[in-house]
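Given chain A, work out where chain B should sit, using these hints.
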Amino acid sequence: MPIRKITKRVVSGNLLIQFKYAEEDSWTLNSAQTTFQTIGGVFINMTPQYADSILEVNVAGTLRSQNSNDTHDQFAFRLLVNNSEEYIQSHFLGQSPYGNAHSHSGGRNDRTAPTRRTGGVTNQATTFGFSHAYIPASTNAQRIETQTRNISSARNSLLIQDFFMITKEIGIPALGGLSGPQ
Amino acid sequence: MALTRVTKHIIHGSLLVQFKYTENSGSWVLSSSRTTFTKINNKNVVMTPQYADSILENSASMTMRQEAGNNNNDQLAIALFVNGSNEYEQTNVLGNQPYGNNHSHTGGRNDRTAPTRRHGHITNQRAAVGFTHTFTPASTNAQDMDVRARNISADRNFSVQDFFFICKEISIGITSLSGDQT
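Chain order of the listed sequences is A and B.
Sequence positions in the first sequence follow this note's numbering and run 1 to 182.
Sequence positions in the second sequence follow this note's numbering and run 1001 to 1182.
Excised from the complex, chain A in its bound form (with noise of 0.2 Å):
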C-alpha cells in the first residue's frame, strides 16, 4: 500500500471537557432557616481538568411558599462553591397584601378592626432558576451547590420540588481572548 501524506489541520475552538448533574424531587427548607441550606444536601464535585476553563452551571426549579400569610415572605438562592459564594439571587416570592382598610361599619365609634388589611394572596409558587459561569483558576475540585434560605419572616416554610443542577466544564484553547468574563 503506498503511503499518504496526512495533513495536520487546526481547528480552534472550545471543547466540553465535563457534563455533570444532580436531581432532587422534593425538599423543605424549614420556616426557621434564615441561613442557607444546600437544596437536599445536593451537590456535584467536579475537579477541572486545566486551570483556565470555563465552568458553567445551570439550576432550574420550582418553589412554593407553604400555607403562608404573611407579608414579606422572601427567599434568596445562591450559587455555592467549596463554600464561597459565586453568585446570589434574592427577592423571590414576598408579595405584600395591599387593600383599604375597614372603614366605619356603623356610628362613629363603631369600627370593625380599623387597621385590618382586606386583601392579600397565599401560597405563593413560581419556577427559579438561573445560568451562571465561572473560572475556578484551578485544578481543585470545585465542590458545587445550590442554597435557599429565608430572608425576612422565617414563618413560612418552602416547598422546592423537581430541582435540577448542571455543570460543565468547557476548556478554553490557546484563543484565550475569545471567550471567558467580559
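Just so you know, these hints were derived from the structure itself, not from any lab.
Check before you lean on any hint, since a few could be wrong.
To be verified - To spell it out: a stretch of chain A is covered by chain B in this simulated footprint if at least three of its residues, at any positions, have a beta carbon under 8 Å from a beta carbon of chain B; those stretches are:
#1 12 to 25
#2 78 to 90
#3 125 to 135
Said to hold, decoys possible - Straight-line distance between alpha carbons at most 30 Å, and here's what the computed BS3-like set of lysine-lysine pairs gives:
#4 B:LYS1020 <-> A:LYS20
#5 A:LYS168 <-> A:LYS20
#6 A:LYS8 <-> B:LYS1008
As the list claims (entries may be wrong) - Taking beta-carbon pairs under 8 Å as the criterion, some of the chain B residues facing chain A (in silico):
#7 PHE1019
#8 THR1022
#9 SER1061
#10 GLN1125
#11 ASP1162
#12 PHE1164
Backbone N, C-alpha and C fix where the C-beta goes; we use that ideal spot for every residue, glycine too.
Relative to chain A, chain B alone:
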C-alpha cells in the same frame, strides 16, 4: 522505525468556538418613566463570529422586583438586542390584577362608601426572569449583544437584580443537523 498505519476517522459535529459572559451583581433600577427599552446597566457582550454560519446562543438570568407598587397592571418587558435591533422579546412580566369583594353597605341603604372599590390587592411583585435564545448572524461582523427592560404601563420603578448574561458561538458541522427548525 516501523511504519504505523494511521486510520483516518472523520467525526462530524459542532464546535463551541467562543464563550463569553457578563454580570451585573446587585441591583439596577429601571425608572417608572422608561417605557422604551433601556440597557441593563450598560452591560453588553461583543462577539465577532469566526464563521458566518455559526449559531450564537444567549442565556440571561435575573430577578425583577416592583418597587413600592400599589397599582394594578404594572407590567414590564425584557428583550435581547443585537446591534441595536430587537432580536427576541418577552412581554407581560408581572402585572397581577386586584380582585376582591366590593364594599358593602355601611349605613342606611343610601349610604355607601365607594361601592365599586375593590378590597384586595398585592404589592411589591417579584419574579425570576430569564430566557434562552439562539440566532444565526450570517456574517462575521461583530455582534453587540445586550439585554434591555422597559415599563409597559409607566407606573412603577422596577429593580433588576443579579443579572447574568452568557453568549456562545457554536459552529455548525453538518448544516442539516443544526440550525433553525421552523
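Verify the interface restraint on SER1061 (chain B): the C-beta must sit less than 8 Å from at least one C-beta of chain A. holds (4 Å)
Residue hint THR1022 (chain B), partner chain A, criterion CB-CB below 8 Å: holds (4 Å)
Interface hint check: PHE1164 (chain B), Cβ to nearest Cβ on chain A, cutoff 8 Å. Holds or violated? Holds. Min distance 6 Å.
So if I understand the rule, the pair passes when the alpha-carbon distance is 30 Å or less; does LYS168 (chain A) with LYS20 (chain A) pass? Within the cut-off at roughly 6 Å; holds.
Regarding the hint that PHE1019 (chain B) lies at the interface with chain A, is the smallest CB-CB distance below 8 Å? Cβ of PHE1019 (chain B) sits 4 Å from chain A, so the hint holds.
Agreement of LYS8 (chain A) and LYS1008 (chain B) with the hint, judged by alpha carbon distance not exceeding 30 Å: holds (12 Å)
Have a go at the ASP1162 (chain B) hint: is there a Cβ in chain A nearer than 8 Å to its own Cβ? Interface hint status for ASP1162 (chain B): holds (5 Å vs cutoff 8 Å).
Would you check whether GLN1125 (chain B) satisfies its interface hint, that is, whether its CB is within less than 8 Å of any CB in chain A? Hint on GLN1125 (chain B): holds, closest Cβ of chain A at ~6 Å, below 8 Å.
LYS1020 (chain B) and LYS20 (chain A) were given as a pair; does the straight-line alpha-carbon distance stay at or below 30 Å? Holds, at roughly 21 Å.
Proximity test - 8 Å, beta-carbon atoms, the region 12 to 25 of chain A to chain B, at least three hits: holds (count 5)
Are at least 3 residues of the region 78 to 90 of chain A within less than 8 Å of chain B when you compare beta carbons? holds (count 4)
Given as covered by chain B, does the region 125 to 135 of chain A meet the bar of three residues or more with CB within less than 8 Å? holds (count 8)
Figure legend: structure checked against the earlier numbered hints; every hint is met.
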